[in-house]
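If you want my numbering, it's the 1-based position in the sequence shown plus 297.
No lab work stands behind these hints: they were computed from the structure. Where is the CB? At the ideal position from N, CA and C, for every residue including glycine. A portion of the hints provided could be inaccurate.
[What the hints assert, rightly or not] Label-pair ranges, simulated between beta-carbon atoms:
| # | residue 1 | residue 2 | range |
| --- | --- | --- | --- |
| 1 | 478 | 421 | 41 to 49 Å |
| 2 | 417 | 305 | 47 to 55 Å |
| 3 | 437 | 332 | 15 to 23 Å |
| 4 | 392 | 316 | 16 to 24 Å |
| 5 | 417 | 453 | 15 to 23 Å |
| 6 | 499 | 417 | 41 to 49 Å |
| 7 | 353 | 412 | 25 to 33 Å |
| 8 | 406 | 478 | 35 to 43 Å |
[What the hints assert, rightly or not] 25 Å max Cα-Cα, derived SDA-like pairs, lysine to any residue:
| # | residue 1 | residue 2 |
| --- | --- | --- |
| 9 | 499 | 421 |
| 10 | 408 | 475 |
| 11 | 406 | 445 |
| 12 | 368 | 345 |
| 13 | 364 | 438 |
| 14 | 364 | 302 |
| 15 | 364 | 334 |
| 16 | 406 | 453 |
| 17 | 406 | 474 |
| 18 | 306 | 345 |
| 19 | 316 | 438 |
| 20 | 406 | 384 |
| 21 | 406 | 418 |
| 22 | 398 | 411 |
| 23 | 398 | 468 |
| 24 | 406 | 332 |
| 25 | 398 | 330 |
| 26 | 398 | 332 |
| 27 | 368 | 348 |
| 28 | 406 | 450 |
| 29 | 316 | 483 |
| 30 | 364 | 406 |
| 31 | 415 | 456 |
| 32 | 421 | 368 |
| 33 | 408 | 349 |
| 34 | 415 | 445 |
| 35 | 421 | 365 |
| 36 | 421 | 432 |
| 37 | 499 | 332 |
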Amino acid sequence: MSVLAQLQKDGLVIATHNKGKLREIEAMLAPLHIQVSASSDHNLEEPEENGETFEANAAIKSEYTTKATGKPALSDDSGLEVEALQGAPGIFSARWGGPQKDFYLAMDKVKAALDEVKALPPYKANFTCVLALSLPAQPTLFFRGEVHGQLEFPPRGTQGFGYDPIFVPESHTETFGEIDPAIKHQMSHRANAFSLFCDALKA
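Take these sequences, add in the hints, and give me the full structure.
In structure tokens, the structure reads:
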């Protein structure tokens, strides 16, 4: 049985409590006709993400979810990497928003950090997304996607989530917070990772 056939048969648990991520992932999975549920549907807690890479943290979430549910699980670990900040906030992107995951607070912290190191625009940055697919009794598979661009302040737009309002992808003038979600879903770091994920399912 192919991986795609297994997912269509057993369904797929999205190992996230982030509603923004969940919406994007559900939209990208829709063409594959896979029945999707979320961690919250299974009353799962969030495991501690103590890995040192996007891959490690993604695996912590997907493997925990598969072990707890007995079902295939897909997780996403993603973050903003700013060149002038030596890749920060990186795997700590969500934590920069504090306990409430306030990304306007996080964006203010990024600007303050850039000012502290006396960085000058353009502030080059990239979003990175790593998907981890865990299946019962099988090795976890990883798919990495990136999108490059620059940061602009103050934040603009109400589309998307996270750091989207300050990130302008290459060859564009609008932030991810301003770009129509349907267009963003074709070009984002998550979209690039999903393209690799879908290619692997169809192989």
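Verification of the supplied hints:
Distance hint check: the CB atoms of residue 478 and residue 421 are about 24 Å apart, inconsistent with the given range 41 to 49 Å. One distance hint, 47 to 55 Å for the beta-carbon pair residue 417 and residue 305, holds here, with the actual separation near 51 Å. Look at residue 437 against residue 332: about 21 Å separates their beta carbons, and that is inside 15 to 23 Å. A beta carbon spacing of about 18 Å between residue 392 and residue 316 agrees with the range 16 to 24 Å that was offered as a hint.
For the pair residue 417 and residue 453, the supplied restraint of 15 to 23 Å holds, since their beta-carbon distance comes to about 20 Å. Distance hint for residue 499 and residue 417: a CB-CB separation of about 45 Å, consistent with the stated range 41 to 49 Å. For the hinted restraint 25 to 33 Å between residue 353 and residue 412, the CB-CB distance of approximately 31 Å keeps it satisfied. Between residue 406 and residue 478 the beta carbons are some 25 Å apart, a value that contradicts the proposed interval 35 to 43 Å.
Proximity of residue 499 to residue 421 is assessed by CA-CA distance (about 35 Å); at most 25 Å being required, the pair is judged violated. About 19 Å separates the Cα atoms of residue 408 and residue 475, which keeps this hinted pair within 25 Å; it holds. Restraint check for residue 406 and residue 445: satisfied, since their Cα atoms lie roughly 20 Å apart, inside the 25 Å limit. At roughly 20 Å between alpha-carbon atoms, residue 368 and residue 345 fall within 25 Å of each other, so this suggested pair holds.
For the hint linking residue 364 to residue 438, the alpha-carbon distance of about 15 Å falls within 25 Å, and the restraint holds. At roughly 20 Å between alpha-carbon atoms, residue 364 and residue 302 fall within 25 Å of each other, so this suggested pair holds. Only pairs whose Cα atoms come within 25 Å are accepted, and residue 364 paired with residue 334 is accepted, the gap being roughly 15 Å. Only pairs whose Cα atoms come within 25 Å are accepted, and residue 406 paired with residue 453 is accepted, the gap being roughly 16 Å.
For the hint linking residue 406 to residue 474, the alpha-carbon distance of about 18 Å falls within 25 Å, and the restraint holds. At most 25 Å may separate the alpha-carbon atoms for a hinted pair to count; residue 306 and residue 345 exceed this at roughly 30 Å. A distance of roughly 23 Å separates the Cα atoms of residue 316 and residue 438; the hinted pair therefore holds under the 25 Å criterion. Our distance criterion of 25 Å between C-alpha atoms is met by residue 406 and residue 384, whose separation comes to about 14 Å.
About 16 Å separates the Cα atoms of residue 406 and residue 418, which keeps this hinted pair within 25 Å; it holds. At most 25 Å may separate the alpha-carbon atoms for a hinted pair to count; residue 398 and residue 411 meet this at roughly 20 Å. Note on residue 398 and residue 468: the hinted pairing is violated, with a Cα-Cα distance of about 29 Å set against a maximum of 25 Å. Our distance criterion of 25 Å between C-alpha atoms is broken by residue 406 and residue 332, whose separation comes to about 38 Å.
The hinted pair formed by residue 398 and residue 330 fails the criterion: a straight-line CA distance of about 32 Å is larger than 25 Å. Restraint check for residue 398 and residue 332: the C-alpha separation of about 29 Å exceeds 25 Å, so the hint is violated. A hinted pair counts as satisfied when its Cα atoms are at most 25 Å apart, and residue 368 with residue 348 qualifies at roughly 23 Å. With a C-alpha separation of about 12 Å, the suggested pair residue 406 and residue 450 falls inside the 25 Å cut-off, and the hint holds.
A hinted pair counts as satisfied when its Cα atoms are at most 25 Å apart, and residue 316 with residue 483 qualifies at roughly 19 Å. At roughly 36 Å between alpha-carbon atoms, residue 364 and residue 406 are farther apart than 25 Å, so this suggested pair is violated. With a CA separation close to 30 Å, the supplied pair residue 415 and residue 456 exceeds the 25 Å bound. The suggested pairing of residue 421 with residue 368 is violated, with an alpha-carbon distance near 39 Å, which exceeds 25 Å.
Pair hint residue 408 plus residue 349 holds up; C-alpha atoms about 24 Å apart against a cutoff of 25 Å. Note on residue 415 and residue 445: the hinted pairing holds, with a Cα-Cα distance of about 22 Å set against a maximum of 25 Å. Of the pairs offered as hints, the one joining residue 421 and residue 365 is violated, with about 40 Å between alpha carbons and a cut-off of 25 Å exceeded. A distance of roughly 37 Å separates the Cα atoms of residue 421 and residue 432; the hinted pair therefore is violated under the 25 Å criterion.
Between residue 499 and residue 332 the CA atoms are separated by roughly 17 Å; this keeps the pair inside 25 Å, and the hint holds.
Hints 1, 8, 9, 18, 23, 24, 25, 26, 30, 31, 32, 35 and 36, counting from the list given before, are not met by this structure.
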